[in-house]
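> Chain residues, written in single-letter form:
There are 2 protein chains.
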Amino acid sequence: MFKYYLFTPGPTPVPPKTSLAMAAPIIHHRSPQFATVLAEVKENLKYVFQTQNDVLILASSGTGGMEGVVTNTLSPGDKALVVRAGKFGERWAEICKAYGVEVLNIDVEWGRCVKAEQIAHGLDKNPEIKAVFVQAHETSTGVKFPLKEIAEVVKKRETTILVVDAISALGAMEIKTDEWGLDVVVGGSQKALMLPPGLAFVCLNEKAWRFVEESRLPKYYFDFSKEKKSLEKNQTAYTPAVSLIIGLRENLRQIKQIGLENIVKYHQRLSDGVKMAVKAMGLSIFTKENPSEVLTAVEAPKGIDAQMIVKKLREEYGITIAGGQSQLKGRIFRISHMGYTDEHEMVMTIAALERVLIELGYELIPGTGVKAIQQILLQK
Amino acid sequence: MFKYYLFTPGPTPVPPKTSLAMAAPIIHHRSPQFATVLAEVKENLKYVFQTQNDVLILASSGTGGMEGVVTNTLSPGDKALVVRAGKFGERWAEICKAYGVEVLNIDVEWGRCVKAEQIAHGLDKNPEIKAVFVQAHETSTGVKFPLKEIAEVVKKRETTILVVDAISALGAMEIKTDEWGLDVVVGGSQKALMLPPGLAFVCLNEKAWRFVEESRLPKYYFDFSKEKKSLEKNQTAYTPAVSLIIGLRENLRQIKQIGLENIVKYHQRLSDGVKMAVKAMGLSIFTKENPSEVLTAVEAPKGIDAQMIVKKLREEYGITIAGGQSQLKGRIFRISHMGYTDEHEMVMTIAALERVLIELGYELIPGTGVKAIQQILLQK
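Protein chains in written order, with my numbering: chain G, 1 to 380; chain P, 1001 to 1380.
One thing to keep in mind: the hints can contain errors.
Claimed, not checked - The calculated DMTMM-like cross-link candidates involving lysine to aspartate or glutamate, where the alpha carbons are at most 25 Å apart (straight line), are:
(1) P/LYS1229 <-> G/GLU90
(2) P/LYS1229 <-> G/GLU94
(3) P/LYS1017 <-> G/GLU250
(4) P/LYS1311 <-> G/GLU94
(5) G/LYS219 <-> P/GLU1354
(6) P/LYS1233 <-> P/ASP1223
(7) G/LYS226 <-> P/GLU1090
(8) P/LYS1380 <-> P/GLU1345
(9) P/LYS1228 <-> G/GLU94
(10) G/LYS329 <-> P/GLU1232
(11) G/LYS233 <-> P/GLU1090
(12) P/LYS1079 <-> G/ASP223
(13) P/LYS1219 <-> G/ASP305
(14) G/LYS219 <-> P/GLU1214
(15) G/LYS229 <-> G/GLU206
(16) P/LYS1233 <-> G/ASP305
(17) P/LYS1097 <-> G/ASP178
(18) P/LYS1329 <-> G/GLU232
(19) P/LYS1087 <-> P/GLU1040
(20) G/LYS219 <-> P/GLU1343
(21) P/LYS1087 <-> G/ASP223
(22) G/LYS228 <-> G/ASP178
If you are wondering where the hints come from, they were derived from the structure by calculation, not from laboratory data.
Could you build the full structure based on these sequences and the hints that come with them?
Below, the structure written as structure tokens:
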């Protein structure tokens, strides 16, 4: 008996009911039936994004949504401020460069967090900056950005927008798009929205739409104005990923029924448990500042390759977690507690991790980690 | 009892076995299990494309693949020759323009076909043309392009590539990528490959890859060089649409087992039957030259709005076919016989069409169309 478990920060497990909904016969994307689906999805996405603005739905992975933001809001030669605090901050910079946008980087040590003052300082020095690109949660390091404070800084400026990659945050962490004044927020399907990969979401407020009007970078497939017009008629500009959107309807209903606040609390609970457990096992959390409730990034113990831990868990225990990316490869492993994941699975993962570490020669009394997570889970 | 049937030129019905495969628990896209899937899919896509070259797999609709070809093979100010014989020819021109490529159009009356000599003439007049953009099959009109003859013209030139949108042709019509010398071929998931929308495919030969090396148009999400490198390791550059690729594996196995030649013959058989039936009913085929075996485009009888026929079939009979696009809206309707569609369904569709037309006041003896398709289907 060998079962497979998936606790990576994307893709995440899909609820079986949703998988079955997606297995229903395909319907045509210009039919009234599909328009009904899109109308519902559109409303419920607003709830998840905590916004009154429409959320565009793109047939692409999250990176496509990120590229779309750059090409739809900026023009050649524009200046952008990018916070590079991990792999996905680097991606913002790479996309901007690919399109001839001048990038000013704020480089933050991986595992640490940017401060709103650094962004204020960057904008003061270069007031012509058109857009500030950040993450809500840097998936590669497990750091949560102080979005509310950053938005306070950016919203004082008429000529600068704040763009947030919330791909691994939406539906897991608190993201108050309208209340905080986030101008652009990007999401993806395969994280806390509990779907297979293949959908990106982008929400723009009025200020951001004004940037779209003035943007002169080339675009075609990711053309937000065209998508906006189509969405008003409950359509998409090009053929949408029909089955994924059918699945999205199921998951959004579920999220709305449970309530975002409760979902965030549940993520926090799993996160507290896992973090407490790994610490009790004598391991260090890699994330030095603002660790998120989305995943736990852990430093491999001295002398043990993190990739070995990931490999053993996957091949011998059937549990897939994530290793480190880029410079963190071999140094850390990441356990996701995102989306359709429950407390029993986290207990089980800690137990398996204990055995793997002991097998790799790490000194540990079995049950140490499990005891710690149990103590957290006993708190109601 | 009200069942839904889908006979549109995309999306097309998905085989139930494939839907169930896609409903299996999601796996991680960087796992050895998924690499095994990609390795198999990669080989079998070569079979469908009839090529020895790798076929890139993109998480987007077909239009994303089309855009990728433009941005990966051309540079600002390059000249392109575009055959505009329908809506999708127009799309090639629009994409080129969006990226600052100078477009020379060969405009062909909708429903008619371009001749290879017109392309030869265009290239003679403007030898600096870098790329010729055509359709294998223009979905909006049902016209099949003489690809082999066009390729003969273009392959004489070292500095021009032939780019083929085969989105609605692959797996239904004969497309001999390598033998004919098609430099770039674009495919999509939701046509004869019998999957939900959300995947685009692009195959480039050596000549086209040399264009990629020199291309200076901006790109990031659709970066073919990055995808090529990733595919060599059985990965994709960005998170792929995992569930759709799992489904693709099933369908490609099925296609390979049946054999492309047999599949093309089957499409031809259904097409002959449907075309014979509508003609027997006194209707005219809209497609004046090279009608494809992928779909049948029919002119609505005088005084009857084609959209009314489509609407009645959908709402009262549960059968979804397609209307006309752009200037053909209201004038034609299109019945797809593409992908996972069988002869019984075509008989049934003709029967329903008879009833709808009679209800709309068209004079017809019931059974006229059915008799004609039956006669074709009696030929083994």
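> Could you tell me which of the numbered hints above are not met by this structure, giving the numbers in increasing order?
4, 5, 13, 17, 19 and 20
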